[in-house]
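Asker: What follows is the residue order along each chain.
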Amino acid sequence: AQSVTQPDIHITVSEGASLELRCNYSYGATPYLFWYVQSPGQGLQLLLKYFSGDTLVQGIKGFEAEFKRSQSSFNLRKPSVHWSDAAEYFCAVGAAELVFGAGTILRVKS
Amino acid sequence: EAGVTQSPTHLIKTRGQQATLRCSPISGHTSVYWYQQALGLGLQFLLWYDEGEERNRGNFPPRFSGRQFPNYSSELNVNALELEDSALYLCASSTGTGPQNTGELFFGEGSRLTVL
Numbered sequence: 001a002q003s004v005t006q007p008d009i010h011i012t013v014s015e016g017a018s019l020e021l022r023c024n025y026s027y028g029a030t031p032y033l034f035w036y037v038q039s040p041g042q043g044l045q046l047l048l049k050y051f052s053g054d055t056l057v058q059g060i061k062g063f064e065a066e067f068k069r070s071q072s073s074f075n076l077r078k079p080s081v082h083w084s085d086a087a088e089y090f091c092a093v094g095a096a097e098l099v100f101g102a103g104t105i106l107r108v109k110s
Numbered sequence: 001e002a003g004v005t006q007s008p009t010h011l012i013k014t015r016g017q018q019a020t021l022r023c024s025p026i027s028g029h030t031s032v033y034w035y036q037q038a039l040g041l042g043l044q045f046l047l048w049y050d051e052g053e054e055r056n057r058g059n060f061p062p063r064f065s066g067r068q069f070p071n072y073s074s075e076l077n078v079n080a081l082e083l084e085d086s087a088l089y090l091c092a093s094s095t096g097t098g099p100q101n102t103g104e105l106f107f108g109e110g111s112r113l114t115v116l
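Here the protein sequences come in this chain order: A and B.
Take 1 as the starting number for the first sequence in this note's numbering and just add one per residue.
Take 1 as the starting number for the second sequence in this note's numbering and just add one per residue.
If we strip away everything but chain B, and leave its shape as in the complex, we get (with noise of 0.2 angstroms):
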């Protein structure tokens, strides 16, 4: 079975330009999430996708927006990129929030944004 996907792996922006981080889920989840992980800042959470609606979003500015689409995948999207918005994106699915679900996060390998 696949696990979580994200492309790309590795982008290279400039300031004020925008980027596009896309993940695909494990088959049969319908939850996805994305963290950023910046350098000595831990995991922060960003933004979090069930069953295609936002059901909460991080301490983050609204230029860091997303969606999730019917196949339960989703887009990430940075507008406006700023040096300090360089991190590794990673995403994360699950089974959701009803009876079956386990809490357990499943995580891609990342998509690793540079801003220069």
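Just chain A, with the same shape it has in the complex (with noise of 0.2 angstroms):
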């Protein structure tokens, strides 16, 4: 079965401070991976996928990921967080359906 973990449910980080979240998956093939974001109140926005390819993938927002294949991980990283960034993130794996993770929630400290 598909399932996704974000071991992290909350992560605060200074401002300008690097930021790294993060995701392992179990999918029976080769999988479609996201990272979405989610303002309080509002939908979901992709930030990156990962289809095939370069495992080193860039997203929108200076945000980047990295698949692991051996150790199931696609985690998502960015060098320099900004207050802006401070939301919910969402790992999710699948190629219809997507099976999402739980979530973590950023906090920015200025």
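A portion of the hints provided could be inaccurate.
Stated by the list, open to error - Keeping only pairs whose Cα atoms sit at most 25 angstroms apart, straight-line, the calculated DMTMM-like set for lysine to aspartate or glutamate is:
no., chain 1, residue 1, chain 2, residue 2
1, A, K49, B, D50
2, A, K61, B, D50
3, B, K13, B, E109
4, A, K109, A, E88
5, A, K49, A, E66
6, A, K61, A, D8
7, A, K68, A, E20
8, A, K49, A, D8
9, A, K61, A, E20
10, A, K109, A, D85
11, B, K13, B, E82
12, A, K49, B, E109
13, A, K61, B, E82
14, A, K109, A, D8
15, A, K109, A, D54
16, A, K49, B, E104
17, A, K68, B, E104
Claimed, not checked - Which bits of chain A does chain B cover? Going by a derived footprint, with three or more residues having C-beta under 8 angstroms, they are:
no., region
18, 62 to 69
19, 99 to 110
To be clear, the hints were calculated from the coordinates, so they are not data collected in a lab.
Ideal Cβ placement from N, Cα and C applies to all residues, glycine included.
Assemble the dimeric complex from its two separately framed chains, guided by the hints.
Answerer: Printed below as a string of structure tokens:
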């Protein structure tokens, strides 16, 4: 069965610091992997996606993620966090309906 | 180009009533997905429609149902509302499952259902 684990429920980082959000997945075939972001009261916006090819993918807003098949991971990174990045981040896997992780709430302190 | 639109934005019902939520996908998208986002429970997959047919449903009781119309818009119906049905219901659309499928879901801003 497909599943996604985001082990960190909350993360707090200082503005300007680097960020890494963890994601581990279980999927029976080559996965399609996604990171979405949700601001309070809003829908989800796609940050980036991995289908195949280069395992380091670039997304919007300066985010990147690296697919590591051996670790079944797809961690999201950003070198320097801005206050506007405070939101909830969801990792997802699938090829039609997506299975989402429980989400990680990012807080940015000034 | 218009994104995924959902209505109503907010809906308040009482226990036992029925709720109907509506979704219009992005033009050209044939697949519509419904998710429930209840407080503290993340996004739970409800239903997937493609080309007018129900393709898959999540682990929800039969009182959650829906349909997709010929113009690919969709309705989600929740009968016999219970307090725990209070949640944000998100609709998403995609290009479908054919060769053009990119796997990406485009989400609307959701309908907030409150059951009193």
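Asker: Run every hint past the structure and note whether it holds.
Answerer: These are the hints, each one checked on the structure:
1. K49(A) with D50(B): 22 angstroms, holds
2. K61(A) with D50(B): 31 angstroms, violated
3. K13(B) with E109(B): Given that 25 angstroms is the threshold and the Cα spacing comes to 20 angstroms, the pair holds.
4. K109(A) with E88(A): Distance ~15 angstroms between K109(A) and E88(A) Cα, so the pair holds.
5. K49(A) with E66(A): 10 angstroms, holds
6. K61(A) with D8(A): 21 angstroms, holds
7. K68(A) with E20(A): 14 angstroms, holds
8. K49(A) with D8(A): 20 angstroms, holds
9. K61(A) with E20(A): 14 angstroms, holds
10. K109(A) with D85(A): Roughly 11 angstroms between the alpha carbons, so the hint for K109(A) and D85(A) holds.
11. K13(B) with E82(B): 10 angstroms, holds
12. K49(A) with E109(B): It holds: about 20 angstroms lies between the C-alpha atoms, which stays within 25 angstroms.
13. K61(A) with E82(B): 40 angstroms, violated
14. K109(A) with D8(A): 17 angstroms, holds
15. K109(A) with D54(A): Given pair K109(A), D54(A) is violated - Cα atoms ~33 angstroms apart, limit 25 angstroms.
16. K49(A) with E104(B): Since the Cα atoms of K49(A) and E104(B) sit roughly 8 angstroms apart, the hinted pair holds (cutoff 25 angstroms).
17. K68(A) with E104(B): 20 angstroms, holds
18. 62 to 69: Per the Cβ count (0), the hint is violated.
19. 99 to 110: holds (count 5)
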